[in-house]
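Residue numbers (the numbering used here), protein chains in the order written: chain A, 1 to 96; chain B, 1 to 164; chain C, 1 to 103; chain D, 1 to 136.
A few of these clues could be false.
Within a straight-line C-alpha distance of at most 25 Å, the following computed SDA-like cross-link-like pairs (lysine to any residue) qualify [unchecked claim]:
(1) B/80 with C/91
(2) D/58 with B/110
(3) B/104 with B/49
(4) B/87 with A/11
(5) D/58 with B/44
(6) B/6 with B/80
(7) D/58 with B/80
(8) C/95 with B/10
(9) B/87 with C/27
(10) B/6 with D/126
(11) B/6 with D/135
(12) B/80 with C/75
(13) C/95 with A/48
(14) D/58 with B/10
(15) B/87 with A/9
(16) D/58 with A/81
(17) B/6 with D/62
(18) A/30 with A/81
Calculated from the structure, these hints are not laboratory results.
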Amino acid sequence: MMFEIVTYMILFAMLLALISAIIGQSVYDKILAVNIFGTITVLFIALFGFLTERPEFLDIALVYALINFITTIAILKFFEYGDMGRSSHINDQADI
Amino acid sequence: MSDRIKYLHITGLIISQAVLWLLLSGHYTPLLLGLGSISIILVTIISLRMNLIVYHQPEIGLQILNFIPYGFWLLVEILKSNIDVCKRILNPSLPINPSLITIKASQRSELATVAFANSITLTPGTIAIDVNGNMIEVHSLADVGIEGLETDEMNKRVKQAEIE
Amino acid sequence: MSLINIISYLLIFTGALAIIVGLLGVFRMPDFFTRLHAASVIDTMGTMLVLVGLMLYSGFNLVTVKLLLILIFILITAPAAAHALAKSALHGGVKPVLGKEEQ
Amino acid sequence: MEHHLVLRVVARLLIPLIMLFALYVQFHGDYGPGGGFQAGVIFSTAFILYGLIYGVDKLRDVIHPDVVRSLAAFGLLLYAGVGLAGILSGGEFLNYSVLAIDPVSGQHLGILLIEAGVGITVASTMVILFYAFASP
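Assemble the whole structure, with the sequences as input and the hints as a guide.
If you want it as C-alpha cells, here you go:
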C-alpha cells in the first residue's frame, strides 16, 4: 500500500516525460525528455523491486542507469556528426 | 612519470575494484572469490591497454578524506537551490532571469576541474556549458545562482580537496 | 509501522513530488537551457530523495550498498549528460534566451 | 572543436566500473538476474563508451576487429565444444553431469563454460555491430 501510491505517481511522471518527448520542438528537447524518462525508469525499477519484494531488481536498475547515459551520448554524437565513431583531430583528445 | 607513481595508481585501481566486488557480490565462497580475482586482473589489463590511467598528473586528484566534507556541503547547497528552483517553477509568473557568465576554475588537475564543473551542473539553477582550460561558461537560471558562484566558495572548496 | 518506515515513506513521497514538479518545469520553461535547469531538479532531488528513502526502508545490508551505488552512479553521469547536451546544443546553434523577457 | 574534458574524465572513471559490474553479472547468474547474455551486453557497452568518447580509431588500437571476430567464433566453439564433450563422455548434447566424476561439480563446470561462451560471443557481436555502424 505504501509503495503503490508512489509507484503510480512515478508512472504518471513517466507518462508526462513521454508527452514532453513527443511535443518537444528541437531534437535536443527530445533527447532531454528521453534522458529524463530513463532516470525516472531507474527509480521506477528500484521501487518496483521493493513493491514486489525482489531487491534483485536493483541490478537491473543499475544497468538501466548505465544504458541511459550511453544512449544520450550516442544519440548526441550521431546527431552532431552523422556517425558514431568519429575520431578527434587534436592529438589524443576527443570531443563528442 | 616515475615507476613508483605508476604502481601506486595501478594498486589504487585494483584495491577499489576489490572493494567494489566484495560489496556487490554478497557470496563469499572460494569459487566466486577466485572468479572475482580473475575479473579484477582482466579489467586491470584492459584498462591499461585503454590508457585509462593518466600518469602526468595526480590521478587520485582529490583526497578522499577532504572530499567527504565537501560532499556534505555540496548536498546542502543542492537542497537549497532545489527548493529555490522548485519555488520558481511553481510560481505562476515564472520569475526567471537567464544569463550566461564565465567564471574561473583554479584547480590544477583535470579530475578536480571536472568535479568542479559537475558540482556546478549538479546544483539546479546553474549549468556548466563549456569548459575551456581554466574558464567555465555557466548558464544560470536566476540571479541567486550567479551570486552563489561569484562568492567563489565552491571553487575554493574543491581546490582545498585537491592533493597538493 | 515504525517511525523509520514513516520517515522513509515521506522521503520517497517528497521525491516523487519533486519529479512531477521538475516535469512541470520542463513544460513551463521558455527555452532549452532553462528546461535543463528544471530537468536537473529531477536528476538530483528526485533521485536523492527516492533512493535515500529506500535505503532507510531496507535497513543496513548489501541492498543499501547497491542503492548507494545507483545513487553515486546517477550523481556522476547525470551532470555529465546534462553538460554534454548543453554543450552540443550551444554549438549546434540553439541560442539561449537571456534576460527577464522570456519567449 | 575543442576536446570534451568532462566526458573524457567521466568515461575514464566509469569504464573499469562498468567492466567489473559486467563480470559480476556474468558470475552471479545463479543468485540474481544475470548470466552470459546480459553480462556480454554490459561488457560491450564499456568498449562502446570508449569508442564513442575517444573515437573508433583508438578502439581499434585497443582491440582489433579481427580479434573481435575470432573471439565471437571462439565463444560459439566453446558452447558447442562443451555440448559435444557431453556426447563424447557418454551423455546427451549439453548434458553437464558427465563432464566430471561428480555430477554436481560437472554441472558447475558445464554451466560456467557455457555462460562464458555465451558472454564472449554476445560481447564480441555487440562490438562488431559498433564497428559496422561507426566506420564512415
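Here is what the structure says about each hint:
1. Only pairs whose Cα atoms come within 25 Å are accepted, and residue 80 of chain B paired with residue 91 of chain C is rejected, the gap being roughly 31 Å.
2. Taking the CA atoms of residue 58 of chain D and residue 110 of chain B, the gap is about 21 Å. The hint holds against a cut of 25 Å.
3. A C-alpha spacing of about 34 Å is found between residue 104 of chain B and residue 49 of chain B, which places the hinted pair above 25 Å, so the restraint is violated.
4. A hinted pair counts as satisfied when its Cα atoms are at most 25 Å apart, and residue 87 of chain B with residue 11 of chain A qualifies at roughly 24 Å.
5. A threshold of 25 Å between alpha carbons decides the hint, and for residue 58 of chain D with residue 44 of chain B the separation of about 18 Å falls inside it, so the pair holds.
6. Note on residue 6 of chain B and residue 80 of chain B: the hinted pairing is violated, with a Cα-Cα distance of about 41 Å set against a maximum of 25 Å.
7. At most 25 Å may separate the alpha-carbon atoms for a hinted pair to count; residue 58 of chain D and residue 80 of chain B exceed this at roughly 43 Å.
8. At roughly 44 Å between alpha-carbon atoms, residue 95 of chain C and residue 10 of chain B are farther apart than 25 Å, so this suggested pair is violated.
9. Of the supplied pair hints, the one linking residue 87 of chain B and residue 27 of chain C holds, its CA atoms being roughly 15 Å apart against a limit of 25 Å.
10. As the CA atoms of residue 6 of chain B and residue 126 of chain D are separated by approximately 32 Å, the hinted pair breaks the 25 Å bound.
11. In summary, the hint linking residue 6 of chain B to residue 135 of chain D is not supported, as the alpha carbons are separated by about 34 Å, beyond the 25 Å threshold.
12. The hinted pair formed by residue 80 of chain B and residue 75 of chain C meets the criterion: a straight-line CA distance of about 17 Å does not exceed 25 Å.
13. Taking the CA atoms of residue 95 of chain C and residue 48 of chain A, the gap is near 40 Å; set against the 25 Å cutoff, the hint is violated.
14. Between residue 58 of chain D and residue 10 of chain B the CA atoms are separated by roughly 21 Å; this keeps the pair inside 25 Å, and the hint holds.
15. Our distance criterion of 25 Å between C-alpha atoms is met by residue 87 of chain B and residue 9 of chain A, whose separation comes to about 20 Å.
16. With a C-alpha separation of about 18 Å, the suggested pairing of residue 58 of chain D with residue 81 of chain A holds against the 25 Å cut-off.
17. A C-alpha spacing of about 20 Å is found between residue 6 of chain B and residue 62 of chain D, which places the hinted pair at or below 25 Å, so the restraint holds.
18. A hinted pair counts as satisfied when its Cα atoms are at most 25 Å apart, and residue 30 of chain A with residue 81 of chain A qualifies at roughly 18 Å.
Going down the numbered hints, you'll see the structure goes against 1, 3, 6, 7, 8, 10, 11 and 13, while the others check out.
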